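Number of protein chains: 4
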Amino acid sequence: MDFQVKNADGRLGILMPGLGAVATTLIAGVESIKKGFSQPVGSLTQMGRIRLGKRTDDRFPLIKEFVPLADLENIVFGGWDVYADNVFEAAVNAKVLEPMLLHAIKPELEALKPMKAVFDKAYARNLDGTHVKEGADKMALAEMLMDDIREFKEANNCERLVMVWCGSTEIYTEESEVHQSIEAFEAGLRGNDPAIAPSMIYAYAAIKMGVPFANGAPNLTVDIPALVELAKEHGIAVSGKDFKTGQTLMKTILAPGLHARALGVKGWFSSNILGNRDGYVLDAPENFKTKEVSKLSVLDEIFRPESNPELYGDMYHKVRINYYPPHGDNKESWDNIDIFGWLGYQMQIKINFLCRDSILAAPLVLDLALFTDLAQRAGMSGIQEWLSFYYKSPQTAEGLAPEHDIFKQLMKLQNTLRHMMGEDLITHLGLDYYQDLVDTL
Amino acid sequence: MDFQVKNADGRLGILMPGLGAVATTLIAGVESIKKGFSQPVGSLTQMGRIRLGKRTDDRFPLIKEFVPLADLENIVFGGWDVYADNVFEAAVNAKVLEPMLLHAIKPELEALKPMKAVFDKAYARNLDGTHVKEGADKMALAEMLMDDIREFKEANNCERLVMVWCGSTEIYTEESEVHQSIEAFEAGLRGNDPAIAPSMIYAYAAIKMGVPFANGAPNLTVDIPALVELAKEHGIAVSGKDFKTGQTLMKTILAPGLHARALGVKGWFSSNILGNRDGYVLDAPENFKTKEVSKLSVLDEIFRPESNPELYGDMYHKVRINYYPPHGDNKESWDNIDIFGWLGYQMQIKINFLCRDSILAAPLVLDLALFTDLAQRAGMSGIQEWLSFYYKSPQTAEGLAPEHDIFKQLMKLQNTLRHMMGEDLITHLGLDYYQDLVDTL
Amino acid sequence: MDFQVKNADGRLGILMPGLGAVATTLIAGVESIKKGFSQPVGSLTQMGRIRLGKRTDDRFPLIKEFVPLADLENIVFGGWDVYADNVFEAAVNAKVLEPMLLHAIKPELEALKPMKAVFDKAYARNLDGTHVKEGADKMALAEMLMDDIREFKEANNCERLVMVWCGSTEIYTEESEVHQSIEAFEAGLRGNDPAIAPSMIYAYAAIKMGVPFANGAPNLTVDIPALVELAKEHGIAVSGKDFKTGQTLMKTILAPGLHARALGVKGWFSSNILGNRDGYVLDAPENFKTKEVSKLSVLDEIFRPESNPELYGDMYHKVRINYYPPHGDNKESWDNIDIFGWLGYQMQIKINFLCRDSILAAPLVLDLALFTDLAQRAGMSGIQEWLSFYYKSPQTAEGLAPEHDIFKQLMKLQNTLRHMMGEDLITHLGLDYYQDLVDTL
Amino acid sequence: MDFQVKNADGRLGILMPGLGAVATTLIAGVESIKKGFSQPVGSLTQMGRIRLGKRTDDRFPLIKEFVPLADLENIVFGGWDVYADNVFEAAVNAKVLEPMLLHAIKPELEALKPMKAVFDKAYARNLDGTHVKEGADKMALAEMLMDDIREFKEANNCERLVMVWCGSTEIYTEESEVHQSIEAFEAGLRGNDPAIAPSMIYAYAAIKMGVPFANGAPNLTVDIPALVELAKEHGIAVSGKDFKTGQTLMKTILAPGLHARALGVKGWFSSNILGNRDGYVLDAPENFKTKEVSKLSVLDEIFRPESNPELYGDMYHKVRINYYPPHGDNKESWDNIDIFGWLGYQMQIKINFLCRDSILAAPLVLDLALFTDLAQRAGMSGIQEWLSFYYKSPQTAEGLAPEHDIFKQLMKLQNTLRHMMGEDLITHLGLDYYQDLVDTL
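Those protein sequence lines, which keep their order, are chains A, B, C and D.
UniProt numbering numbers the first residue of the first sequence as 1 and each following residue consecutively.
UniProt numbering numbers the first residue of the second sequence as 1 and each following residue consecutively.
UniProt numbering numbers the first residue of the third sequence as 1 and each following residue consecutively.
UniProt numbering numbers the first residue of the fourth sequence as 1 and each following residue consecutively.
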């Protein structure tokens with residue numbers, strides 16, 4: 001591949017199905033940053049640097065100065081929600097950001113009102129949508145979404161759009177016949193096939209409208225052959241699934257470290273308590289299952305028990321999420337990890353992460369939007385595996401196991417950026433430092 | 001560099017100054033493993049695998065089957081200690097391994113008796129050595145060590161030797177005049193310069209005898225211009241400093257993860273409790289200082305506050321080690337990390353690691369011995385930065401900042417091995433998987 | 001009440017339905033203690049002291065030297081189990097005690113074989129009993145138990161017996177008609193009423209045979225009007241329910257402390273991981289419910305939210321038990337407590353208890369057996385509320401709320417012992433110390 | 001003793017040496033409570049209830065409705081400080097309370113200005129007082145304080161005064177000759193004896209002016225024979241030392257629980273991190289020593305190792321306080337407790353308390369002020385041991401060991417209140433509930 005990256009001229013519209021805690025924290029945050037009140041901490045595109053060249057070159061530009069990204073000043077937001085609250089009201093209800101901050105940007109937030117959502121209670125039993133579209137069949141709903149997209153683009157004078165799913169976790173489902181080809185899928189839309197989830201309708205509409213799509217929940221959504229095929233056909237970048245925040249973030253940081261040192265793992269117990277809308281939705285077992293599958297998958301790929309049976313063959317991995325209202329959005333995780341070392345002697349690691357769900361997720365939405373837009377401008381279509389870094393359960397080419405190790409994911413992301421811009425890839429070999437030095441002695 | 005790695009024929013002698021908890025845990029462990037009682041968990045050379053080629057090639061050989069390493073059957077151990085206890089007695093006193101296990105290999109351990117140590121109470125105030133060499137001056141002591149080495153090699157019929165410092169942490173010192181050149185150093189040995197620490201005398205004797213040297217403590221030892229120069233002159237591989245175990249291991253796993261996500265850090269407080277001899281030595285402030293400097297250095301290099309002042313410019317980092325006899329060798333660390341994310345909102349991470357000091361360190365001694373021997377056979381002399389993976393405070397070429405990020409260190413180690421054996425380096429770019437798939441559609 | 005406590009002459013038989021981890025840890029422990037290998041730590045009757053008189057009197061006798069208790073040398077054990085393993089085999093399977101210890105007392109343990117159990121799979125879905133009694137109806141089973149008791153007493157030449165339920169938690173049930181009177185209950189036994197649980201049949205048999213009964217599980221068992229009435233009629237001491245160990249023990253220690261200081265509680269989240277048979281049984285939701293009800297009740301009584309609505313009115317209390325095989329009997333609890341203080345400012349307490357389930361429970365069985373026997377000899381019949389100290393969910397007189405505060409329970413226990421022996425009760429007023437001193441100045 | 005408690009008529013002045021974080025949090029809090037913004041959580045006198053009579057009587061009045069206490073509306077505050085900041089400025093600097101809250105009561109706080117302090121840098125090396133009295137000798141300083149007291153009383157139209165030491169911890173000192181009698185002490189004041197600490201000068205001045213005194217720091221202060229004698233002579237109530245908050249509060253809650261169950265303790269390691277002025281003062285080793293002695297004493301009295309050598313004879317207890325600026329007033333403690341149970345099997349408890357130093361301390365100042373005033377009105381002079389409940393290191397009559405068990409302290413406090421008001425003392429015996437029920441059957 002050889003890249004010709006187009007410039008990020010004009011306005012970029014970021015469309016989000018689900019204007020809940022995460023999306024409103026993002027929108028309010030960007031407004032606050034634009035006014036100079038706050039910093040975009042946690043966002044690689046805004047604050048991250050990248051090393052270029054040799055260590056001794058001392059080249060560490062900001063990523064946003066290295067690759068052409070849309071500027072925050074050129075971003076507009078839009079979205080859909082099952083509740084009619086405007087973004088100010090939704091942000092107040094979410095209780096993530098301080099009231100004082102929200103009041104300082106109230107006019108901007110109040111102006112943002114959600115479009116009516118495509119909603120199906122069968123996919124989110126603990127939610128009661130009131131601000132929803134009605135259509136003859138799922139194809140009709142898809143077309144209404146396409147109209148929304150078209151109108152939004154025009155009304156906001158956008159050059160480009162990108163869609164990031166910020167809605168709730170849908171109930172657990174597996175691929176079925178209707179997901180296998182574009183034809184079957186479109187027939188299913190017309191026939192109201194119950195296996196077509198709301199999130200798939202959004203993804204379908206986006207791709208048809210030429211809008212790249214990133215999936216922040218563990219739902220299948222765009223991770224089905226029909227939509228991958230459609231994305232390739234239309235030359236659209238897609239990626240997923242499930243924002244990697246909190247406990248799973250910690251897990252994909254720590255597990256590679258244990259594996260690096262060939263330390264064995266006998267058990268890993270992960271408990272979570274949170275009290276926001278996400279926690280409430282996940283209190284329904286069918287929705288928790290989707291999340292559980294996403295959360296459980298990470299360790300196997302990192303530890304490869306089939307290659308390391310003495311170290312990881314008997315690992316017992318359990319994940320629990322407990323709805324606990326007193327914490328609100330302040331998600332807290334507690335992990336107990338039973339490891340063993342030299343001669344099998346046992347040790348334990350306990351990690352207690354007092355995190356904030358939406359604070360961790362909001363900058364991921366921004367990064368995914370900006371990098372997805374970059375990929376689209378670079379002509380990269382189909383699955384964007386280099387964005388694995390952001391996902392609990394990365395979508396990959398069929399037959400290719402995802403990488404969960406966050407450091408390999410980071411290397412992949414950084415080397416992709418270097419490759420895009422014609423810089424040398426970094427391998428950390430570094431023998432030359434010693435060769436050079438020897439030569440000059 | 002182009003490598004011609006010699007085979008690992010004949011016996012390898014591993015010499016350790018300091019036959020305390022770590023060394024005896026290693027020796028007893030290797031005996032136990034050779035008898036099939038236990039597994040060498042935590043040792044990359046024994047149980048680690050390495051990926052070769054493309055992900056889809058599915059090539060993951062054991063490292064020991066990929067590069068030519070000395071076999072456990074061909075290893076013999078020797079060492080020096082300030083106490084005359086044989087290895088069985090020392091292991092029993094150390095209370096790391098179960099008495100039942102030690103009794104099963106008692107004859108092998110009893111046969112191993114320490115040689116008299118070079119000791120200087122000024123460098124370890126809480127120790128009282130009784131089994132020590134007496135010499136006219138430090139050069140005389142160095143020569144006595146060289147005699148020991150020569151005799152050990154002959155008596156044990158060794159083809160090659162390697163020395164790994166497993167002794168206590170010496171008091172804090174900085175480089176002075178006497179450390180700047182071979183000439184000054186040798187004059188200092190003859191003149192009994194107080195700035196020459198016992199560990200330096202060992203390193204000097206080793207290099208002079210053609211024995212590569214690895215430094216498991218935070219002392220300067222081989223990290224002075226005089227000894228680096230001597231190593232290059234004799235074509236000897238050296239590396240250091242301070243085995244990376246426990247809390248610092250966790251720190252260099254976690255910090256790169258936070259940095260990867262551009263999360264800010266406001267404070268990091270690290271407390272340790274341990275009750276073994278190491279803990280007792282570190283209860284003396286001058287010895288703790290050496291360890292503290294080693295432990296404090298890791299975060300700055302990973303976070304690069306000078307490049308990221310908004311994220312890491314005000315980070316407050318404090319490390320405490322507390323002698324706590326009830327825990328014995330069961331070192332326990334507790335870390336509190338104050339981080340901040342999107343818009344500056346604060347979060348906390350608490351890590352409680354119930355580890356075992358010597359269980360984590362023993363396999364590092366084995367790996368360092370085997371990899372150092374490999375480097376020596378590959379003709380790599382001077383500082384072995386690719387072994388940074390094992391050290392809290394990696395020794396590097398002058399003017400080159402050490403890498404502390406354990407994942408970059410691992411990449412460096414693995415790509416060095418790949419490079420040695422003529423395999424492709426891995427960059428995790430991986431765009432080809434998608435290109436190929438597109439082509440075949 | 002005025003007491004005449006009979007001496008503890010002759011042998012005391014301790015009968016336990018359920019010879020699993022707890023009971024075998026008790027039996028093996030008592031054998032080990034009798035041989036001088038170990039100490040009965042955790043047992044108030046063996047190691048506890050009691051203050052008598054004024055502080056300045058300095059009278060702190062051992063409890064066992066203050067009240068007449070059966071001596072360990074005069075105790076014999078017996079029991080029933082759904083598996084035929086002898087106590088040695090069961091103790092080995094339970095993996096609580098070290099093999100070396102068990103082998104040192106193997107003959108004594110092997111000699112103890114369980115009698116066939118009364119078992120009903122409907123009450124413990126995760127268990128498959130194979131060593132069980134068959135009878136025409138529940139009354140027939142009760143009579144078989146009475147025969148067992150009679151034979152055991154004779155065969156072991158016991159003067160007195162006491163029964164302590166050490167079996168699994170039964171599924172959740174509430175009181176129904178059949179539990180309301182002796183007549184209804186006996187009719188139910190004959191008619192095989194499904195509401196009569198196995199544990200009730202044991203309790204019925206015990207009381208009819210003049211054997212006092214203590215209930216270590218949260219099942220209703222003896223906490224029904226029919227059996228309380230029967231106990232009073234026969235002059236038999238009974239108590240329950242659910243041994244207070246681990247997390248609930250911590251909770252009834254900590255909660256009174258918070259309440260003492262008028263600190264508010266917003267939420268209390270309790271998670272447990274354990275991997276023993278008890279954990280496996282509790283993995284069935286119906287059995288967990290019984291335990292949950294028992295575990296949840298403690299906070300309300302201590303905090304009295306109805307009297308302190310500003311402090312405890314909105315407290316959210318959640319308890320989870322997770323089956324986690326890697327831990328075996330090493331139960332671990334993690335609690336997060338959200339408290340608030342002055343002006344409503346919030347604080348958090350996290351407690352991580354790495355405990356051992358059976359190690360904590362075994363001495364409670366011993367204490368309950370010895371104190372119940374004491375009560376019986378003192379002529380105290382019916383519900384023994386002074387033993388609340390040992391229970392998660394103390395059985396009390398109808399209409400009387402149980403005390404859960406462990407310090408009030410301890411005061412009740414100690415003042416009951418003082419009262420029995422004619423000593424002054426202690427109120428901690430202590431103004432006299434100052435009066436005396438003033439007078440003598 | 002027979003009590004005649006005078007009514008709490010008129011205004012009560014609360015005088016505090018040290019208008020730092022604790023005192024300003026108290027003052028601001030009381031203003032906020034009076035305006036109805038907040039609740040006095042953590043204050044027994046304001047929100048606590050007391051049980052009277054039998055359990056079945058259901059009498060649980062608020063303490064403030066049971067005993068005659070000064071009303072918040074009738075309280076005025078005053079104090080001394082080494083900095084001239086008014087209370088609003090000091091509260092803003094302390095960063096304990098939200099700016100929004102402070103601004104809502106700014107006028108009331110600004111009006112309160114500290115009087116010049118008696119200060120001696122030798123007693124607080126990390127502080128630099130600028131707002132201090134100058135006098136010929138310590139007696140002159142004492143007289144200046146007496147003038148301050150007299151003027152404050154008049155200016156504020158107070159009926160009664162009480163003084164509570166809220167200043168920093170002074171350096172460690174032990175009793176010497178000058179502290180042994182009133183005569184020696186007064187000679188020392190005139191002779192500028194260096195062993196007379198500033199806090200003693202305040203206590204002396206208070207007692208001479210008829211103002212009862214409570215000591216919130218671990219300094220000797222009023223805990224010397226000279227001042228106890230003076231207090232008795234003048235009929236003045238005094239008490240101390242060191243507000244029991246945070247870690248020690250948790251310790252005196254938990255330790256009695258472990259002791260109640262006869263569980264052994266092998267080690268207790270306590271670490272603290274805090275970043276307020278108190279933490280900064282304690283960073284000086286001489287000041288930390290005073291605090292350490294106070295913090296270490298609690299366990300010995302609770303566990304009584306001399307009576308229970310098998311359980312507590314080898315307990316290793318260590319306390320560390322670490323200055324950690326990122327936390328500010330948010331003190332955090334981490335405790336590791338190594339316990340053992342049945343047969344000596346080991347278990348661990350870890351407690352992580354994320355507390356707020358001043359939030360916990362402020363209500364103690366209020367309670368001590370109100371209860372001390374009550375004692376004074378009840379005619380109780382000399383040491384008030386019944387207020388032990390509030391202190392880390394309770395001051396007691398000579399020869400009488402302090403009670404540290406918070407539950408015995410609470411019982412002492414509550415029974416003292418009951419006794420004052422002529423109510424029955426509570427013993428928790430409660431056998432009558434069962435007797436009555438038996439009788440009525």
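Worth double-checking, as some hints may not be accurate.
Same chains, same label: a pair holds when it works inside one copy or across any pair of copies.
Straight-line alpha carbon distances no greater than 27 Å define the calculated DSS-like cross-link-like pairs of lysine-lysine that follow [as the list claims (entries may be wrong)]:
| id | residue 1 | residue 2 |
| --- | --- | --- |
| 1 | 133 | 113 |
| 2 | 95 | 6 |
| 3 | 106 | 35 |
| 4 | 232 | 54 |
| 5 | 35 | 95 |
| 6 | 34 | 121 |
| 7 | 35 | 266 |
| 8 | 266 | 106 |
| 9 | 54 | 34 |
| 10 | 113 | 289 |
| 11 | 54 | 35 |
| 12 | 64 | 266 |
| 13 | 266 | 6 |
Think of the hints as simulated: they come from the structure by calculation, not from any bench.
Values in this document were obtained by computation on a predicted structure and should not be read as measured data.
Status of the hints after comparison with the structure:
1. 133 with 113: Cα proximity of residue 133 and residue 113: one copy only (15 Å, versus 64 Å across).
2. 95 with 6: So residue 95 and residue 6 fail the 27 Å test inside a copy (39 Å) and across (50 Å) alike.
3. 106 with 35: within (13 Å within a copy, 29 Å between copies)
4. 232 with 54: between (37 Å within a copy, 24 Å between copies)
5. 35 with 95: both (21 Å within a copy, 26 Å between copies)
6. 34 with 121: For residue 34 and residue 121, the Cα distance exceeds 27 Å both inside one copy (37 Å) and across copies (49 Å).
7. 35 with 266: Answer is between; shortest inter-copy Cα gap is 24 Å, intra-copy 50 Å.
8. 266 with 106: neither (51 Å within a copy, 30 Å between copies)
9. 54 with 34: neither (35 Å within a copy, 44 Å between copies)
10. 113 with 289: neither (32 Å within a copy, 45 Å between copies)
11. 54 with 35: So residue 54 and residue 35 fail the 27 Å test inside a copy (37 Å) and across (47 Å) alike.
12. 64 with 266: between (42 Å within a copy, 24 Å between copies)
13. 266 with 6: The answer is neither: 50 Å in one copy and 38 Å across copies each exceed 27 Å.
Going through the hint list in order, the structure does not satisfy hints 2, 6, 8, 9, 10, 11, 13.
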